[in-house]
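Student: Going line by line, the protein sequences match chains C and B.
Sequential numbering of the first sequence, starting at 41, is according to our numbering.
Sequential numbering of the second sequence, starting at 41, is according to our numbering.
Among these hints, one or two may not hold up.
Treat identical chains as interchangeable: a pair holds within one or across any two.
List of simulated lysine to any residue pairs, SDA-like, C-alpha gap at most 25 Å [as the list claims (entries may be wrong)]:
no.: 1; residue 1: 386; residue 2: 330
no.: 2; residue 1: 110; residue 2: 265
no.: 3; residue 1: 188; residue 2: 265
no.: 4; residue 1: 220; residue 2: 342
The set of hints was computed from the structure by calculation and includes no laboratory data.
Nothing here was measured: the structure is a model prediction, and the numbers come from that model.
2 protein chains.
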Amino acid sequence: MSEAIFPILMSGGGGSRLWPLSRGEAPKQLLRLVGEGTLLQQTALRALDTSLFEPLTVIAGEKQREPLVKQLAEIGAGEATIVLEPMARNTAAAAAVAALLVQAQSPDGLLLLMPADHLIADAEAFRRTVRAAAKTARDGYLTLFGIKPDSPATGYGYIRGGARLRPDAPARAVAAFVEKPDRETAVAYMESGEYLWNSGIFLLPAAAFLAELKAFEPDLLSAAAEALQRATRDRGALRLDPEAFARCRSVAIDYAVMERTEKAAVIPADFSWTDVGSWSALWSIAERDEAENATVGDVLTWATRSSYVRSDGPLVATLGVEDLVVVATKDAVLVARKDHDQDVRKIVDFLHESQAQAKKDRDTVA
Amino acid sequence: MSEAIFPILMSGGGGSRLWPLSRGEAPKQLLRLVGEGTLLQQTALRALDTSLFEPLTVIAGEKQREPLVKQLAEIGAGEATIVLEPMARNTAAAAAVAALLVQAQSPDGLLLLMPADHLIADAEAFRRTVRAAAKTARDGYLTLFGIKPDSPATGYGYIRGGARLRPDAPARAVAAFVEKPDRETAVAYMESGEYLWNSGIFLLPAAAFLAELKAFEPDLLSAAAEALQRATRDRGALRLDPEAFARCRSVAIDYAVMERTEKAAVIPADFSWTDVGSWSALWSIAERDEAENATVGDVLTWATRSSYVRSDGPLVATLGVEDLVVVATKDAVLVARKDHDQDVRKIVDFLHESQAQAKKDRDTVA
Chain C
41 MSEAIFPILM
51 SGGGGSRLWP
61 LSRGEAPKQL
71 LRLVGEGTLL
81 QQTALRALDT
91 SLFEPLTVIA
101 GEKQREPLVK
111 QLAEIGAGEA
121 TIVLEPMARN
131 TAAAAAVAAL
141 LVQAQSPDGL
151 LLLMPADHLI
161 ADAEAFRRTV
171 RAAAKTARDG
181 YLTLFGIKPD
191 SPATGYGYIR
201 GGARLRPDAP
211 ARAVAAFVEK
221 PDRETAVAYM
231 ESGEYLWNSG
241 IFLLPAAAFL
251 AELKAFEPDL
261 LSAAAEALQR
271 ATRDRGALRL
281 DPEAFARCRS
291 VAIDYAVMER
301 TEKAAVIPAD
311 FSWTDVGSWS
321 ALWSIAERDE
331 AENATVGDVL
341 TWATRSSYVR
351 SDGPLVATLG
361 VEDLVVVATK
371 DAVLVARKDH
381 DQDVRKIVDF
391 LHESQAQAKK
401 DRDTVA
Chain B
41 MSEAIFPILM
51 SGGGGSRLWP
61 LSRGEAPKQL
71 LRLVGEGTLL
81 QQTALRALDT
91 SLFEPLTVIA
101 GEKQREPLVK
111 QLAEIGAGEA
121 TIVLEPMARN
131 TAAAAAVAAL
141 LVQAQSPDGL
151 LLLMPADHLI
161 ADAEAFRRTV
171 RAAAKTARDG
181 YLTLFGIKPD
191 SPATGYGYIR
201 GGARLRPDAP
211 ARAVAAFVEK
221 PDRETAVAYM
231 ESGEYLWNSG
241 IFLLPAAAFL
251 AELKAFEPDL
261 LSAAAEALQR
271 ATRDRGALRL
281 DPEAFARCRS
291 VAIDYAVMER
301 TEKAAVIPAD
311 FSWTDVGSWS
321 ALWSIAERDE
331 AENATVGDVL
341 TWATRSSYVR
351 SDGPLVATLG
361 VEDLVVVATK
371 DAVLVARKDH
381 DQDVRKIVDF
391 LHESQAQAKK
401 DRDTVA
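Chain C with its partners taken away, still in its complex shape:
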C-alpha cells in the first residue's frame, strides 16, 4: 500500500459569490449548475476509480450532511467516509485532519485534496495528471496542480514554475506564488508561458505534509489531532470535536504550508478547469444562444445580449439589456453587471451583518 492515493473531497465552502442560488444550507458544490449532477457528485465521480484510488473521504460542514449523504448515494458513493466540521475552519485544518486519517491507515499514503466545487470536464485527463503527480509526491514533494491559463484571469492566484524535479516527470519546483494579479499583469503572466493558475488541488504525502504542518503550524496541528481523537461517531459520520476544532487557526493550506515549505512542487495539469467562482465564470462555460445568452429555467430574453439569466422559480423576462447576470429564486433576485459579479459576496456579507444586527430570523435568505 505504499502507493495508496486517498481522495479527500473538501466540501466546506459556502460559494457566496453564487448567491442567491448558493446559500448556507445549499452551497454551490451541492447545486446542479452545469453538466450532469452537482459539482460535488462530478468531483466524487472523478475519484471513484478503484484501480487508482482508495475509498473516498468527504470533509463537510454539519449543515450539509443530509444533502451530502443523499448525493453520494445517488452516484454509488454511499460508502464514503464523511467527516463533519462543527464550524468552518478553512482548508489547512481540513487537510490536517485528512492527513492524520490517511497516515493512520497507510503511513506512506498520499492524500489527493480536491475542492468539491471545481468543474473539470475531462475526468480521464484529471486521473492522468494524478498519476503523473504521484511520481513527484512519492519523492516527498507537496504537489500542487497548476492549470495552463487560457485567459488572463484576475480571479485566480498564479504560480511561477521553476526547475524540473526529475527528468522523467513534468513536475517543477515552485519558483513563486503570486496573488491575484491585475489585468495587465495577468496578460504578461499568460504571454510569458511561465505561469500556471493555482487550482487548489493538491497531492500530498501525508507524512511530509504533517511534518511541515508541525514545523509551521504546530498549534493548528495539535488542535486538529485533538478534534479527531475526540471525534464522535454519528450515524456513520465522524463528527470532529467542536471545542478542539474551534481552536484550529482558520487559514488556507496555501498560506499555512505551501508558500512556506521548501518541498512545494507544481504539476502542469492536462485538463481544462474552472472553480465556478462566479456567475460570469458560469456564463463563460455555459452553452449560449446566438445572442451569447445562457439561460436556465423559465426565462424570456428580448433584445438581450451576452447575459446569464437563470430562474429557479419565477418567470424572468429581460428586455434591452446586455452583459448582465440575472438570477432569481423563489425568495431572492440578483441583477448584476457581469464584470461586477465578484462583488456578490459583498451583498451576502451585508445581508449577514444586517441579519446579525436585526437578530431577525432571515437565515433562509442569505
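With chain C's structure known, arrange chain B on it following the hints.
Tutor: Same frame as chain C, but now just chain B:
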C-alpha cells in the same frame, strides 16, 4: 341642472406596460404606485367635490369589480354608479354609454371623462381647469384637456392649438391632432409653444357628443344604446348586455369623434400630469435617492445608478448596474433597460400568445 358636470371614471385599461405588477385582474389603476392610495382612488377623489360635481360613475371591466368596490368604499365613494363592461371595447363605446346615462338624467349635462390611471398631483388645479373648460363645453364644444409639455415626450399624442374660442376663456380650437412624434419633432413641438399633450381627459356636452357619434359612428352608438337598454342590475352595478356591447366597434374616442368633429376644443391644463404609462415614467416622478435610484419594497442597491427597483415579494439586490428597471413579484421578474420599457407590452403580448397556443393555465403570470 343645466350646468351639471357628471364625472365618469374610465377604468377599462389593462396597463400591460407595467407588467409584471399590472395584470388582467390587477391593472395599474388599481395599484398603489405613487402617492396615497391607488391611481383609481386618487382619480375618484379629484371628482368628489359636490359643489362642482354630480355623483361619480365608474366604467370598468367585469374582472375588476371586487377590488373596485372595495377601493371606492375605502375613500367614501361607495355610492358611485358602477357600469360593468362584459369585454374591453376601448374608450368610444364607454363614452357613448356614459353620455347616454348622463343625457337620461340631465339633457344639458356635461360629462367629464377621466381615465382612471393618470397621476395629477394638484387636485385643486385640476378642478380649476374643469371650471374653465365648462364655459367652453357649455358653448357646445367637445373639450379636451391639453397639457403643457415639460419634456419632449415621444410617448404621447400632441395637439396644435388654434384660435381662441371666446375672449374670456383660455380654450382654443384644435388646429390639428398629431400622432406620437419622434424625438426631434417632439423637441420642435415643445420649443414652438403651440403644442399640448393630449391627456385623454375630456369635458363633453352629452347632447353634442351623441350627435357627433350619431354622425360618425351610428352603428357604435346604436349598439351602445342597446347594451344599456338591455343592461341588468347586479348587486348595485349595471352590467351592459354582452351581445350588444360586443357589437360596438373597438375604437378610441379620439379616432371615432375628436379628430373628425368641427367642434373640438382644447383647454390648456393648469396642472402637472402623467399617464404613468411605463416604469420609466414612474421612475421619473418617484422620490429618488442621491444615486437617482427609486426603490420600493425589499430592495438592496449596490453601485447602482438611475434605476427603478421594486419588489412586491422577494429580496432584490442590484450590483453595478444603471438605467435599469427591475420589478419583481412573487411569480415574475422584469429586468429592462429604462429606455426600452415601452416594449414591455411586447413581452406581455408574447406571453399571451404563448398561453393561447399552449392552452395552458398560466393566466396568473401574464
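Student: Could you run down the list of hints and mark each one as holding or not?
Tutor: Hint by hint, here is what the structure shows:
{"no.": "1", "hint": "386 / 330", "verdict": "between (32 Å within a copy, 21 Å between copies)"}
{"no.": "2", "hint": "110 / 265", "verdict": "neither (29 Å within a copy, 69 Å between copies)"}
{"no.": "3", "hint": "188 / 265", "verdict": "neither (36 Å within a copy, 80 Å between copies)"}
{"no.": "4", "hint": "220 / 342", "verdict": "between (36 Å within a copy, 24 Å between copies)"}
Comparing the model with each earlier hint shows violations of hints 2, 3; every other hint is respected.
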